[in-house]
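Enquirer: In the order they appear, the protein sequences are chains A and B.
Per full-length UniProt numbering, the very first residue in the first sequence carries number 1; after that it's consecutive.
Per full-length UniProt numbering, the very first residue in the second sequence carries number 1; after that it's consecutive.
Be careful, since some hints might not be right.
DMTMM-like mimics (lysine to aspartate or glutamate), calculated; alpha carbons at most 20 Å apart, straight line [as the list claims (entries may be wrong)]:
| # | chain 1 | residue 1 | chain 2 | residue 2 |
| --- | --- | --- | --- | --- |
| 1 | B | 84 | A | 69 |
| 2 | B | 392 | A | 45 |
| 3 | B | 96 | A | 64 |
| 4 | A | 61 | B | 241 |
| 5 | A | 20 | B | 293 |
| 6 | A | 20 | B | 300 |
| 7 | A | 10 | B | 360 |
| 8 | B | 307 | A | 23 |
| 9 | B | 493 | B | 35 |
| 10 | A | 61 | A | 45 |
| 11 | B | 264 | B | 293 |
| 12 | B | 392 | B | 297 |
| 13 | A | 20 | B | 360 |
| 14 | A | 92 | B | 329 |
| 15 | B | 240 | A | 64 |
| 16 | B | 84 | B | 112 |
| 17 | A | 10 | B | 347 |
| 18 | A | 20 | B | 343 |
| 19 | A | 61 | B | 246 |
Over the 12 Å line for every Cβ pair with chain B, so calculated as not near, a few chain A residues [what the hints assert, rightly or not]:
| # | residue |
| --- | --- |
| 20 | 65 |
| 21 | 67 |
| 22 | 85 |
Keep in mind that the hints were calculated from the coordinates and are not lab data.
C-beta: ideal position from N, C-alpha, C; glycine also.
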Amino acid sequence: MSIDIDTARKVAHLARIAVKEEDLPALAGELSAVLNFMEELNEVDVDGVEPMTSVTPMRLKRREDVVTEGGMPERILANAPDAREGFFAVPKVVE
Amino acid sequence: MTMLNELTIAEARDLLRKGETTAVDLTMACLTAIDASDPLNAFVHKTPDIALERARAADARIAAGEVPAMCGIPVGIKDVYCTKGVLSQAASNVLKGFRPEYESTVTQQLADAGAVMLGKLNMDEFAMGSSNEHSCYGRAVNPWRRSGDDTALTPGGSSGGSAAAVAADLCLAATGTDTGGSIRQPAAFTGTVGIKPTYGRCSRWGVIAYASSLDQAGPMTKSVRDAAIMLGAMAGHDPKDSTSADIPVPDFEAMLTGDIRGKKIGIPREYRIEGLPAEIAAIWDQGTAMLKDAGAEIVDISLPHTKYALPAYYVVAPAEASSNLARYDGVRYGHRAKLGQGDGITEMYEKTRAEGFGHEVQRRVMIGTYVLSAGFYDAYYNRARKVRALIKRDFENAFADGIDAILAPISPSAAFGLGEVGDSDPVAMYLNDVFTVTLNLAGLPGVAVPVGLNAQGLPLGLQLIGRPWEEGDLLNHAYVLEQAAGFVSKPKKWW
């Protein structure tokens, strides 16, 4: 499987990582090398095998559906690059 | 005369209990060693004030009577653990300035047991790497050097700062995390001990996520006994981590009987890969002979899907990483890029992540994005998860045949020079993880033990792989190997 420049551009956008146009060929090459290495998996017969989900069969724990924590907006916002009036601030979004 | 910072946890604990030293003295000795260790670049955030405050509190507890084994023990904490009010950046620029408002469960448990945090330790960014070269703090350096050669060597990765700090006696022990070998390979490269517990043994809450189905916290120490002591303090059920196991934590130290007579040790033939260097094959044979001499039965075993573990890992881990690292969007914490005229929210995400993530992290996030994208999900991700099930089944079959532990190499070489394994060929670096990722995929516990030195005077280790939840028995095997190997070498101080 080889990744071309258009695919590299698309993957970078899906991952929301800006990649300069001139860096796309190198990126495509690196991604192709990694994917080629993964091709070995095609040799394995996986018919009838269930994908692994957990180490030991364990039922997911349940708890009461109640509020356990909260009421700390200052602490939630303490690390935000831009917080105003109790909210996270972002550039204007127009859809 | 042994300096206080050179002590093991067990030695320090015994001196503290006898009143022959104090937590403050131990802490001061470590802080002094840390201040003289800048060339190693292991401690990237020093917290002397917190350390001395906790040391004084520990001394008061010790004076008052019965205390846990970790009380007053100075430790280093890998930067991937969230520590309240203290920079926790997972060695990434995208988390620049992040001071968590909360404490990870594991570091909280250590603090509750009286352990003294000395500071935060260098690592590969988001624990992605095998050499500690991918870090916003710059590379960490191994205290060990080849004899007659001052080439700077890698301490391994991703817990490279932890391994370097323990090997250089900057602390008595350190925390690490292991997603694909990140505790065991650095331990092997620095002549230290490290255990990756069974998945679910230690809480992941507050540990910055890389690949959630593989990540496990564990101790990095100077001896197997210390690993047993520290693991006891780190392990345990935590309702805040839904994959944390609700099973009792035994007294691991009490299980170090030194007796493995009649135990069956599996030697997996698939690990004898083509091109395995002679020094690795030799140390593996020596370790096998040591366990045999201790009365264990050596059994040739097959783990037929071993060869596929590495490609499966490099599908599963990046896939999970691409999902976990989606949270770094420049909104809630860390770095946000400066925006240009007319830039909207998409540009904010894309520029923030391009500036904040290092090259290797970007590469893995994009690989993960690709293997999860429409049309490729089944071909890559689901296939890898099925192969993962087969790898786990290989181990289950071996254990069902009565194997008690498996002995294998940790990495295909001793510590290599920084910059020697190229950045342009990611697969060459990934090959370092060929012996370690198997048990992360299977969720099994594994412990690295130093066994000898190579011709260049560098440490070589071996790993023992155990049954799920039987870390105590596994550590006992490791203890026997440690006693038989009698590894006492230390790096010659040059820093």
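Enquirer: Check the structure against each numbered hint from earlier and tell me which ones fail, lowest number first.
Expert: When the structure is compared with the hints, numbers 3, 5, 6, 8, 10, 12 turn out to be violated.
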